[in-house]
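Chains C and Z are the protein sequences, given in the same order. The first sequence maps to residues 736 to 1210 in the working numbering. The second sequence maps to residues 18 to 172 in the working numbering.
Keep in mind the hints are simulated off the structure, nothing from the lab. As the structure is a computational prediction, the values presented were derived from the model and not from experiment. Every residue gets a Cβ at the ideal spot worked out from N, C-alpha and C, and that includes glycine.
Not everything, but these chain Z residues come out facing chain C in the computed CB check (under 8 Å): (1) H71; (2) G72; (3) G77; (4) I82; (5) H84; (6) M109; (7) D110; (8) V122; (9) L135; (10) R140.
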Amino acid sequence: MNMKLLAVTSCPNGIAHTYMAAEKLAKAAEEAGIDIKVETQGSIGAENVLTEEEIETADGIILAVDKSIEMDRFEGKRVLTCAVSDAIHKPGELIRRFESGDVSVHRSRKEDSEKPGISQTIRIHKKGRAQNPVYRSLMNGVSYMIPFVVVGGLLIALSLGLGGEPGAKGLVVPDHSFWAPILKVGEAAFTFMVPILAGFIAVSIADRPGLAPGMIGGYIAADGSFYGSEAGAGFIGGILAGFIAGYIARWIKSLPVPRVLQPIMPILVIPLAASILVGLLFIFVLGAPIASLMEGLTQFLQGMQGSSKVLLALILGAMIAFDMGGPVNKVAFLFGAAMIAEGQTFIMGAIAAAICTPPLGMGLASLLARSKYQPEEQEAGKAALAMGFVGITEGAIPFAAGDPLRVIPGIMAGSMTAATVAMLSGVTDNVPHGGPIVAAVQAVGNVPMFFVAIAAGTVVTALLVNVLKKPVQTK
Amino acid sequence: MKLSDLLTEDLMVLELNGSSRDEVMEELLDRLDKTGVLSDRDQFKRDLYAREEHGSTGIGFGIAIPHGKSAGVREPRVVFGRKPSGVEWDSMDGEPARLVFMIAVPEEQAGEEHLRILQALSRRLIDDTFRQALLEAEDRKKVKALIESMEPGRK
Chain C
736 MNMKLLAVTS CPNGIAHTYM AAEKLAKAAE EAGIDIKVET QGSIGAENVL TEEEIETADG
796 IILAVDKSIE MDRFEGKRVL TCAVSDAIHK PGELIRRFES GDVSVHRSRK EDSEKPGISQ
856 TIRIHKKGRA QNPVYRSLMN GVSYMIPFVV VGGLLIALSL GLGGEPGAKG LVVPDHSFWA
916 PILKVGEAAF TFMVPILAGF IAVSIADRPG LAPGMIGGYI AADGSFYGSE AGAGFIGGIL
976 AGFIAGYIAR WIKSLPVPRV LQPIMPILVI PLAASILVGL LFIFVLGAPI ASLMEGLTQF
1036 LQGMQGSSKV LLALILGAMI AFDMGGPVNK VAFLFGAAMI AEGQTFIMGA IAAAICTPPL
1096 GMGLASLLAR SKYQPEEQEA GKAALAMGFV GITEGAIPFA AGDPLRVIPG IMAGSMTAAT
1156 VAMLSGVTDN VPHGGPIVAA VQAVGNVPMF FVAIAAGTVV TALLVNVLKK PVQTK
Chain Z
18 MKLSDLLTED LMVLELNGSS RDEVMEELLD RLDKTGVLSD RDQFKRDLYA REEHGSTGIG
78 FGIAIPHGKS AGVREPRVVF GRKPSGVEWD SMDGEPARLV FMIAVPEEQA GEEHLRILQA
138 LSRRLIDDTF RQALLEAEDR KKVKALIESM EPGRK
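When you get a sec, could you build the whole thing from the sequences and use the hints?
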């Protein structure tokens, strides 16, 4: 990867030198084949301001300043401070000093910076944390998504919990009810969930130009009607859309363009081109396989009827938890709902138990091992408990999206446990909905074992995920 | 507003007479004062020199950009002076200044358009070919054309 530098230029009047220095640094970096972004603090105010994200990922920072500027944001980074005139006259030399490693790490406490050994270890620690850009992109998307999941989840939970009535279509809030508009607000919040996740994954890869393609791609991924599928691609599709959009936007950004076009690149050319590419890719390339995957799985489940109940429960549980609202989950859920009509309510009974253990399990997990969860994840955990109670599997998505390889196996195991226990003990459910709430509306047969199944699945989820997950590296 | 509104033809001095920094400063100040945009010539001069004290505005590459944000200025303006043989300006690279842009900015001015224009000029002056073309322009019309050719080059 190319070295990535940042710079700030600033002079007392902020009329001329600030911008000359910025221009020179940009040119010298271009010649050296290095990425650079220069913030100018001139009389117009700060422009082209460096983001936290950029500072975090940068290899070094040049401060070409003739007046003092705020330094805290560069804590722990390699910082080279020089006069504005140095940037104008020897920009190449400044850049080479980073290449040769001849720049020390900025520490606000003097005694640290004078001991190279300490700076060295700090640097190594930082490097270790910076190593996995995929994980960082996921967490960026998740942190912006969490408020939407929490708002949507709690409002939906509240309106279903207090205003929901069981029916053939599941738990329904009657139109005239006070809770109907609340439910709608909650659903609106949920609509943003996957687009926001995808959008901010893309932003972490390509900065602001990635936002529109990411969100648009995420929206299309989450809405199956774009590619003739009954269900969208869920949060996994959203993650995919975010990464694709981000990398496409970054690739377009890296293309050499004539200077005249440069001002319109970030607001027009990059978002437009990347959005079209991502959208078409989803509609024409990825959409069809998702639709046929759903068809195949449905046929597969229908073929399973009459075979081993335990096997069916394991498969349904795994499917429910795998993508939480995505196509695989939808197939299992619709299969269960269809079976109610045929009088085989024990299948929905197993599914109802499996539906709620991912959010309940993650909520419990975040309470048991706080050190393994970011502060915002701990908040999301509490909201997940409420969502689990009313059977909103999506409550676990922030955890799964942030660390899919560890969390998804854990919640799958938990849901498989819950489904198997429920199936074997003859739990039934005649409403296509899940979670403890269906017992509260008296749709469940064998209520005690229903709760045993949920408890077992919740505990398995929490323990397994916490064993798999690593502690959060502190900032 | 465009740069050619700030740097009008009557603010171009294609052959500076002065042979020292101070003489050139006076010459450009006179030219500026004649257009009536200075409310207090002495005040602006003091502000220009205060900036020079802080660090020479001879930025090298044969360019000097004495500039000041000053209560003595009514309207933003740029005066362009040319001295093919060069004037000693205490430049960082030791080269004499051959192109001098004196930039006058009022203390208080609504909007920031003029600042953006000056920013664009500063960025453009880094370009070798632009500087060379300025040095070689035969008359004010040519200089004006060069100035107008400038993109509103923001990045």
